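Let the hints inform the model, and build the full structure from the sequences given.
Respectively, the protein sequence lines represent chains F and U.
Counting from 32, one number per residue, gives the positions in the first sequence under our numbering.
Counting from 537, one number per residue, gives the positions in the second sequence under our numbering.
Honestly, the hints are just simulated from the structure, not real lab data.
Misleading hints may appear alongside valid ones.
[What the hints assert, rightly or not] Simulated crosslink set (BS3-like; lysine-lysine; CA at most 30 Å straight-line):
#: 1; chain 1: U; residue 1: Lys853; chain 2: U; residue 2: Lys834
#: 2; chain 1: F; residue 1: Lys291; chain 2: U; residue 2: Lys826
#: 3; chain 1: F; residue 1: Lys120; chain 2: U; residue 2: Lys674
#: 4; chain 1: F; residue 1: Lys54; chain 2: U; residue 2: Lys853
#: 5; chain 1: U; residue 1: Lys550; chain 2: F; residue 2: Lys294
#: 6; chain 1: F; residue 1: Lys288; chain 2: U; residue 2: Lys550
#: 7; chain 1: U; residue 1: Lys674; chain 2: U; residue 2: Lys550
Computed from a prediction, not measured in an experiment: that's the story for all the values here.
In case you want the letters, here they are:
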Amino acid sequence: MKIISCIKPVPDPASRLIINESKTWIKDNDLTFVASEADNYALEEALRLKEKHQGDVAILSMGGDEAARVLRSGLAMGADRAIHLLDPKFKGADEFAAAETLAKAIEKDGGADLVLAGVQSDDLGTGMTGVMLAEFLGYAHATVVIGVEADPAAKTLKVKRELEGGINETVELPFPAVLTIQFGINQPRYASLKGIMAAKKKELKAWSAADLGLSDNLVGKPGAMYEVKEVFVPERKSRVEIITGTAEEAAAKLVEKLRKEAKVI
Amino acid sequence: MIFVITEHRDNKLKSITSEALVFAQRVGQDFGQPVTAVVLGANVSGLADELKTKKIDRVIVAEHPDLAEYSPDRYVEALKTILGNEKPFLVIVGHTTQGMDFAPRLSVSLRRPLIAGCVEYEKQGDRLILTRQVFNAKMNMKTGVRGESPYFATASPGAFQADELQSGGNAEIVSVAVQFSGPVRRKLVERVEAPRGMVDLSAAPIIVAGGRGLKEKDNFKIVFELAEALGASVGASRPVVDSEWLPREYQVGSSGQTVSPKLYFAVGISGAIQHLVGMQTSRCIVAINKDVEAPIFKVAHYGIVDDLFKVVPALTKIFKDLKVS
Ligand SMILES: Cc1cc2nc3c(=O)[nH]c(=O)nc-3n(C[C@H](O)[C@H](O)[C@H](O)COP(=O)(O)OP(=O)(O)OC[C@H]3O[C@@H](n4cnc5c(N)ncnc54)[C@H](O)[C@@H]3O)c2cc1C
Ligand SMILES: Nc1ncnc2c1ncn2[C@@H]1O[C@H](COP(=O)(O)O)[C@@H](O)[C@H]1O
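What follows is the structure, given as structure tokens:
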């Protein structure tokens, strides 16, 4: 089976996010980047499928230098090779432009039996990219996947999807397919020392927009379907009463309020 | 024209449909655009009759045996036909596991913008500015759609209030014939309730729920201690369960249990929409979080902005003392 697993570099969840001067994104130059959390689950699933059925696991990431580091970690986890979509022109892509660029790269790589993406990223976070990728590639797809069984001989997949309200559904779909992988589907492995050493010898190639044959108007900001007008922290039209003081004081005040005011205990 | 693609199961409209209709009614009023609800399915005339009573202009019904169960291939094909005949301005879909399963495909196949996870909008001149959430609801982003309509938007659950849906209309019901030529690649095998386990939080009067802010499994004991002092049940956010600190049955949220206790403590939980939809109707919500900007404070009644490792033991002590006295 040939599997391509997508990895989006996002700011380390522990970072403090500050909105940039032009209010169009966050200040990202000093941040550490890691793989978006769901992508770790996707890569783990790819590695398990390979362990079961043999094949090739490539990881794919569009981004600046931070993406190369994230890809190195993926190679250390056990991916066979990595493709870095690196071009200043890719900057400012929305999900649509990202999906088109990723799709072109997958096509250039000869397509795949299975493409895995995260259910949603930790920054833009709507889970559009994987589904858009499927449409650009003309592949079948399934979202919010919590279980995968592949039958490489029959070229079919049986996957379990998680729906709202504690409902799960099982669907069958043919190769080639894109799956968006839900958090918690597995327990991602950590890279071993051996893995880290082995990663140094693995292939990590970089492709630009020109390599993909994508014209400037289709990538990055010009390729985006929307313009970012403003990023802001929403004002809380809320009723919340923030209780102040030391931890002990606040706790005591809170208990008082829960008893006398809210009358819930 | 504004279209709402309705979502239904077992011949009942989902509440997200009402929320999407509220979004549509508001945009419709501001932009002077009529609202059309679209129902895809088989034997769904009952749903059309129900929608007809809302203050909208039209209900389009496309019935076909292939639409009896949702499938992305059929939905995309049917909607391409319907939208192709109509040239809508805005097409609203629910930001659900179903909506987000087909809307991105439609957006790509028509090469039109999709703004997903919308919570608000603005009218700037003739332009529609859609506001969506980013960074797990910690920030919002205002976006200006590019190019010609139709524009696609998904409505974030809970962002538009279903009870604001205006009725009193007498919409025209229009049946549209759809024919399919493409394959149905993805087939439904079965749909089942996820195993429930032993933890039933639905009747718990008090819940102390912990999140990723607890950092590691062993720390969760402070949540259990507080719960015990209060005679409360324990709940968790999804990452707690995904990391196997607690079994799945403790999870509160869109893919876990929906709860509505009289008192809900959210300890080290940021308040992502998928968590909020599972607990926001609780009578009294207390949030303990060191980040004042955490979205959980949007729904909380009382908040303590401090280190949970200090606050939670302090609370436990007070409740223990209260019990003794
Ligand atoms: C399809 C789908 C379904 C989902 N279903 C669910 C669901 O049912 N339930 C659910 O909960 N999630 C669900 N999620 C996940 C959801 O999007 C969030 O990722 C999740 O709710 C975040 O959990 P959290 O708040 O515990 O973690 P985080 O978002 O990481 O928040 C941790 C919080 O702890 C605070 N904190 C850290 N350290 C401390 C400290 N020392 N003192 C005080 N505060 C501290 C931080 O400020 C932060 O706000 C779903 C996601 C998807 C895509
Ligand atoms: N720049 C990127 N490089 C690689 N994969 C990406 C990129 N952007 C999005 N993806 C994939 O798409 C998933 C969903 O992202 P999003 O649509 O932003 O929620 C991510 O978890 C990744 O798997």
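Of the numbered hints stated previously, which ones are contradicted by the structure, given in increasing order?
Hints 4, 5 and 6 not satisfied by this model.
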